[in-house]
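Chains as they are written, first to last, in the working numbering: chain S, 229 to 439; chain W, 206 to 429.
Some hints could be false.
Calculated cross-link-like contacts (lysine-lysine; reagent style DSSO-like; alpha-carbon spacing at most 30 Å) [stated by the list, open to error]:
1. Lys359(S) - Lys221(W)
2. Lys209(W) - Lys359(S)
3. Lys435(S) - Lys286(W)
4. Lys241(W) - Lys332(W)
5. Lys241(W) - Lys435(S)
6. Lys393(W) - Lys347(S)
7. Lys393(W) - Lys359(S)
8. Lys436(S) - Lys326(W)
9. Lys286(W) - Lys359(S)
10. Lys436(S) - Lys209(W)
11. Lys346(W) - Lys322(W)
12. Lys209(W) - Lys347(S)
13. Lys435(S) - Lys285(W)
Chain S side only, calculated, beta carbon under 7 Å to chain W, not exhaustive [unchecked claim]:
14. Ala233
15. Pro237
16. Val338
17. Phe343
18. Glu344
19. Leu349
20. Gly350
21. Ile351
22. Arg353
23. Gln364
Just so you know, the hints here were simulated from the structure itself, not pulled from any lab data. For each residue, glycine too, the CB sits at the ideal point set by N, CA and C.
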Amino acid sequence: MDLIAEITPSLLDGLQTTLLLFFIIVIVTIPLGFLIACVRVYAPKWISWIIQVYIYVMRGTPLLLQLMVVFFGLPFAGITFERFPAAVFTFVINYAAYYAEIFRGGILSVPNGQFEAIKVLGIGRIRGFRKIIIPQVMRVVLPSVGNEVISLVKDTSLIYILGLGELLRAGQIAANSYASLIPYVAVGAIYLLVTGIITLLLNVVEKKTDY
Amino acid sequence: MGLKAINISKEFNDIKVIKDFDFAIEAGEIVTLIGKSGTGKTTFMRLLNQLEKADNGTIFIEDDYLCRETANGKAEYVSKKERLAYSNQIGMVFQDYQLFPNLTILENCIEAPTAQKLMSKEQAVKKAELLLGQMDILGKKDEFPGTLSGGQQQRVAIARAMMLNPQILCFDEPTSALDRDTANGVGKMIQDIAADGTGILIVTHDIEFAEQYGTRSVSSDSFI
Ligand SMILES: Nc1ncnc2c1ncn2[C@@H]1O[C@H](COP(=O)(O)OP(=O)(O)O)[C@@H](O)[C@H]1O
Ligand SMILES: [Mg+2]
């Protein structure tokens, strides 16, 4: 019990970094991914093609590699990032790509007849999109978006490679210095707690978007 | 009064579906457009409802034009504002209804007139309740479309289209998903709507229904 009391401050410190990154990424990438999906679906072919390549690269290479390229690789090309901004930047471009794919599927799942009904009724494209199309897209994509949000909690641990003191790294340091298994167990419990709370929140959102 | 379509042509990928076709609907008429599958009946209805563009010809309802044939014979479409004026004169009930699943029955009905600021929300609700009552579906006004049967959804789709007071109301295969009794029910409703002065166009391959409820019949053979 003494051990837990001793390691708690450093674990909470790590958790803070983890959660900060998590919230920034969720808030930025979900709208950004939706925007990219809209562009991909509605913009001219060549723009859509560029987006397709971007998504392919982001999804086809490890996030860990992307972190390394941004933080350790780009300086060779004269672009340097601080540690945390490097993490934010990489996670943004990576997760936005995943969300863009999810939202694209959601947009395409809405029958063309819905767009036609909006047109025939003179509702207007923007209002129709906001009031009729987006709610249908949300309902379709929510389970996949939820999965990505949960993945993100765990993926934040990858920023240890940049030397950032997030939760997992804090646990590892504690485990080494006390030669104990307990910090790892504590870290696991904290991750479970966080993902558990998020799962509950997602269920609430899912009920709200249901009709 | 009524709709006129003059000298209409439409092709897809160089295949002519409709060629030099003339057509009119007067107020109160129930015109059935019959013919084999794939002959362009739906396409013609979509042309009238701006879901396809005519290559040639003129389409108008009273003074509101959708397109005019120019000197070179091409159909020239009017401005966006004029098209909206035209489009409120004509309504369409889709074959699969296309109700908005995330809106209640009442919200489905009031969405278009309130979006277009044609009436206040209170006025729209009043009118919607009146129409839903006539369609015998008022009890479902706060339900979502997914909980309704096909026949009930169709009646909501009719009410939704009627909210804009169209002079012309189009139906694409209205009986394709209905049993005979339900089909007769909607046939009678269509007759009631026509009796109030609305011109009706029904695309169908249900000859029995066309003979029973149509006042005039046009064959898609005359498209080509
Ligand atoms: N958007 C389109 N692009 C290409 N061909 C089309 C399109 N819409 C309809 N067609 C073709 O036009 C013909 C008429 O179709 P349609 O109007 O649906 O016939 P109907 O309603 O009489 O069964 C068909 O051969 C169909 O394949
Ligand atoms: Mg058809």
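Okay, the hints, checked on the actual structure:
no., hint, verdict
1, Lys359(S) - Lys221(W), "38 Å, violated"
2, Lys209(W) - Lys359(S), "34 Å, violated"
3, Lys435(S) - Lys286(W), "40 Å, violated"
4, Lys241(W) - Lys332(W), "38 Å, violated"
5, Lys241(W) - Lys435(S), "46 Å, violated"
6, Lys393(W) - Lys347(S), "28 Å, holds"
7, Lys393(W) - Lys359(S), "33 Å, violated"
8, Lys436(S) - Lys326(W), "24 Å, holds"
9, Lys286(W) - Lys359(S), "22 Å, holds"
10, Lys436(S) - Lys209(W), "47 Å, violated"
11, Lys346(W) - Lys322(W), "22 Å, holds"
12, Lys209(W) - Lys347(S), "21 Å, holds"
13, Lys435(S) - Lys285(W), "39 Å, violated"
14, Ala233, "51 Å, violated"
15, Pro237, "48 Å, violated"
16, Val338, "10 Å, violated"
17, Phe343, "9 Å, violated"
18, Glu344, "5 Å, holds"
19, Leu349, "4 Å, holds"
20, Gly350, "5 Å, holds"
21, Ile351, "4 Å, holds"
22, Arg353, "11 Å, violated"
23, Gln364, "6 Å, holds"
Figure legend: structure checked against the earlier numbered hints; hints not met, in rising order: 1, 2, 3, 4, 5, 7, 10, 13, 14, 15, 16, 17 and 22.
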